[in-house]
Each structure stands twice: as C-alpha cells, then as structure tokens.
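Peer 1: Sequence:
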Amino acid sequence: NDDADVMKALIHRLLRMRVRPYYIYQCDLITGSAHLRASVCKGLEIMKKLRGHTTGYAVPQYVIDAPGGGGKVPINPQYITKIDDEAIHFRNFEGKLFRYPLKSFTIDDECRCHEQ
Numbered sequence: 001n002d003d004a005d006v007m008k009a010l011i012h013r014l015l016r017m018r019v020r021p022y023y024i025y026q027c028d029l030i031t032g033s034a035h036l037r038a039s040v041c042k043g044l045e046i047m048k049k050l051r052g053h054t055t056g057y058a059v060p061q062y063v064i065d066a067p068g069g070g071g072k073v074p075i076n077p078q079y080i081t082k083i084d085d086e087a088i089h090f091r092n093f094e095g096k097l098f099r100y101p102l103k104s105f106t107i108d109d110e111c112r113c114h115e116q
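Here the working numbering is used: the sequence shown runs in plain steps of one and ends on residue 116.
Worth flagging that the hints you see were computed from the coordinates, not collected in a lab. One thing to keep in mind: the hints can contain errors.
[To be verified] In the DSSO-like style, the derived pairs of lysine-lysine whose C-alpha atoms are separated by at most 27 Å in a straight line are:
| hint | residue 1 | residue 2 |
| --- | --- | --- |
| 1 | Lys72 | Lys103 |
| 2 | Lys42 | Lys72 |
| 3 | Lys103 | Lys82 |
| 4 | Lys49 | Lys103 |
| 5 | Lys82 | Lys49 |
| 6 | Lys72 | Lys48 |
| 7 | Lys48 | Lys82 |
| 8 | Lys82 | Lys42 |
| 9 | Lys49 | Lys8 |
The structure displayed is predicted, hence computed values, not measured ones.
Given these sequences and hints, build the entire structure.
Peer 2: Following this line, the structure appears as structure tokens:
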C-alpha cells in the first residue's frame, strides 16, 4: 500500500471490474497500527505519481479521518496548512484546523512534501 506502481495497478484492476476507487484512506491513529501505517508524505507522493500518469477517473481522493471527530478531509495542497517533523496540519470543509501526528515518521531528503 505504499508503492505508486502497485497502487496504479490495483486501481486499474478495480476499474476493469467496474469498481471506481474512491478513497486512499490514511490509516487511523489506533493503538497497535503504527507499523501498518504508511507516512502521510508517502501518501502524497503516491497521489502525485497517480495524477497525470493515469486517467483522472482512476485517481481516488486521499483522505485523513481528522482526529477527534472532524470527519474525512481530502489531503490535497489546498487543505494542507503546514507539514513539519512532528505533524501534518490541515483544515476541513468548515475551516477547522486539525493536527495529525506523524509519530515515528520523519521528513527526510526523500520526502520533502512540505516544501511544495
């Protein structure tokens, strides 16, 4: 779930079965799931590689379920307010600000998504 080529192949298979990929869902911050979560930067990287390299119909929305009941928020550049070494900060459709901790993930040279 953290490779753009694998995700693209999966999405195309879903479309062949007449299933439209709707969400790429960032894993909830539940106890015991840290080792299963791909980083937010990895999710943004996958989205960047999908856009423009496959049909728009095949590109799902990348969403985070905002902690504390804020609902699903599309994680696109217009929603992101800040990414630092500790968290991604974003707003939902109501303009409310949320902080999603990156926990064990750090921003390194391969993931400079906050500079774009």
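Peer 1: Holds or violated: Lys103 and Lys82, Cα atoms, limit 27 Å.
Peer 2: Answer holds: Lys103 to Lys82 is near 16 Å, not above 27 Å.
Peer 1: With the threshold set at 27 Å, check whether the alpha-carbon distance from Lys49 to Lys103 stays at or below it.
Peer 2: Within the cut-off at roughly 24 Å; holds.
Peer 1: Taking only the CA atoms, is the gap from Lys48 to Lys82 under or equal to 27 Å?
Peer 2: holds, 18 Å
Peer 1: Hinted pair, alpha-carbon criterion (27 Å max): Lys49, Lys8. Please report holds or violated.
Peer 2: holds, 9 Å
Peer 1: Does Lys72 pair with Lys103 here, judged by a C-alpha cut-off of 27 Å?
Peer 2: holds, 20 Å
Peer 1: For the pair we were handed, Lys42 and Lys72, check the Cα-Cα distance against 27 Å.
Peer 2: holds, 18 Å
Peer 1: Taking 27 Å as the top limit, are the C-alpha atoms of Lys72 and Lys48 close enough?
Peer 2: holds, 20 Å
Peer 1: Would the pair Lys82 and Lys42 pass a check requiring their Cα atoms to be no farther apart than 27 Å?
Peer 2: Since the Cα atoms of Lys82 and Lys42 sit roughly 16 Å apart, the hinted pair holds (cutoff 27 Å).
Peer 1: Given the hinted pair Lys82 and Lys49, is their alpha-carbon gap at most 27 Å?
Peer 2: Roughly 21 Å separates the two Cα atoms, so the pair holds.
In this structure, every one of the numbered hints holds.
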